[in-house]
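Colleague: What follows is the residue order along each chain.
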Amino acid sequence: MLQILIYGAVSSAIYAMLAVGFTLIFGVARILNLAHGSFYALGAYAAYVLTSLLGFPLFIAAPLAVLIVAGFGVVMERFLVRPLRSSQLAVLMITLAVSLAVEQALFITFGSEYRNVPSFVADKLSIGGVDISGQRLLALVAGVLVLLGLWLFIQRTRLGAAILAVSQDPEAAQYMGIPTNRIFSIVMAISAGTAALAGVLVSPFLTVQPTMGLLPMVKAFAIVIVGGLGSIPGSIIASLILGYSETIVAYLISTSWTELVSLVAVVVTLMIRPSGLLGRRAAF
Amino acid sequence: MKRIAPIDIAGGILVVAFLALLPMFAASNYLTGVLTVCVIYGIWASSWDFMSGLTGRENFGHSLFIGAGAYTAGFLSSIWSTNPWISLPLGVVIAIAFSLLVGFPTLRLRGPYFALAMLSASAILQRLCLIFWEYTGGEEGIYGLDPLMKTPLHYYWFVLAILVVTVIVLTLLAQSHWGLLLRAIRGDEATCQAAGINVTFYKIVSLMISAGFAGLGGALYAHYQLQVSPPLFSVVVSITVIIMVYVGGIGSIYGAAIAAILLTLLTEMLRGFGEYRLWIYTLTLMLILFFLPNGLIAPLWRRLTERLR
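The listed protein sequences derive, respectively, from chains A and B.
If you want my numbering, it's the 1-based position in the first sequence plus 12.
If you want my numbering, it's the 1-based position in the second sequence plus 11.
Partner residues aside, some chain A positions facing chain B, computed with beta carbon under 8 Å: (1) 44; (2) 96; (3) 101; (4) 102; (5) 108; (6) 109; (7) 112; (8) 116; (9) 227; (10) 230; (11) 234; (12) 237; (13) 268; (14) 278.
Calculated directly from the structure, the hints in this document are not laboratory data.
The C-beta atom is built at its ideal place from N, Cα and C for all residues, glycine as well.
The following block holds chain A by itself, in its conformation from the complex:
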């Protein structure tokens, strides 16, 4: 029982980190970013290159990896997405193209073998008789801190207020003197950064390989649809729901069936409440 509680919390935290960035960039800039999964994969690979190949110490490698991927996200938004923003379809296509290009680039450079990243924390902890690796616990703690920080940033700072304003009405925000395009870049950096951080944190205990971004991205879609497109609290709640239901299914039935959970969740949500749990906009 306790095991389900802890492992469910860990996967929820990772899903939440992915989904929040995805929903944020959609809510603010109306960009449906199909390259979100490649940020996650790039984060993991950046951690691999910096630690295993270049021998950086971990506490430098991790933030560096996040920064590199955030920079990549900003460049992508500026030069590939922004010129095509007038058409939603073109945005979908270009971001999908970027994600394929990244996957292929990783494949060509590193091959399809699984890569290993050393653990950040080697110790195992025991909570109430359940053994859990320190790395998973670190992912949980970091996830909670990042989400908390993001929430404080958006609610309490001037920049956060500007982001909220743009998400409510980009044109009105522009008239009020908010530099919308710069806000988009900042949000893209945050979005790519959180996805990359999720990738960095899971890299020691999951397999690092070129196609690793696809499935988490599919999960992020599912979470965002269940939680409501563009709603951050909604996506956090949905991450908890999905993370726990997957863990419970894995324990009660078998791990094979976990992949179906997100599909069922999406179908049920779209049939009963298409706008999601906390979606603001009616989808009809």
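Following the hints, complete the assembly by docking chain B onto the known chain A.
Modeller: Using the frame of chain A, we list chain B on its own:
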């Protein structure tokens, strides 16, 4: 109903005749095989174009229908060893069933739900194929399907005939009142709804038609390769099909089919580049998005034949 210009019919007949005679000049099974794959991609691309090109609801998981058709053929022919001709109609039926499964919850909504759901559904089905490997053969897939015809050349002609039928049926549908409604939905969905058109019904039926032809193409592909495997469900297949439609010119159907044939031939010629092939594809897509948003084949053809109309 808009008439199809005589010059278009003449051009179509010329292209089909050329394609049909091509393997006669260079009698090699290799070329016939490549051409068969080209033509099957033509079926996939034109079926994608019918739904997504006309209504503007982008389907990012066409491989779901392709794979469904192919795996149906695989199960029927290899595991239950039925007559291979049964797999074609049943492939169509199963693909349509999948289209209803995804289409019903998502197509009544506006926004990106349909695109996301299709992408997720095809990715998850690929995973399921690997997870339930006892039944699907996992990574290896299903082997030992029966061929539909004795010689590759006959099969190529058969598949070409199906492509011709596909393009004609879809073009006639697209030119009809029905196609006009679909285009109207792309233009302004809310106005269509206000005009009393059951938008959801039209979108779902057009997805069913699109899925049916894709499933047929999938079953044909399975009986050509005599084997099916999980990459049929992959996002790469869907995106390849979408790129073909983009090059052909969205909403033109014949452009999509011709672009599919040309691009598959090009891919075959690029085989030497190995791993870089997909890069070249992705780059093509980016260049087209930026510089030729209307596509290449259909606008070019219209330009060339402008005087003769």
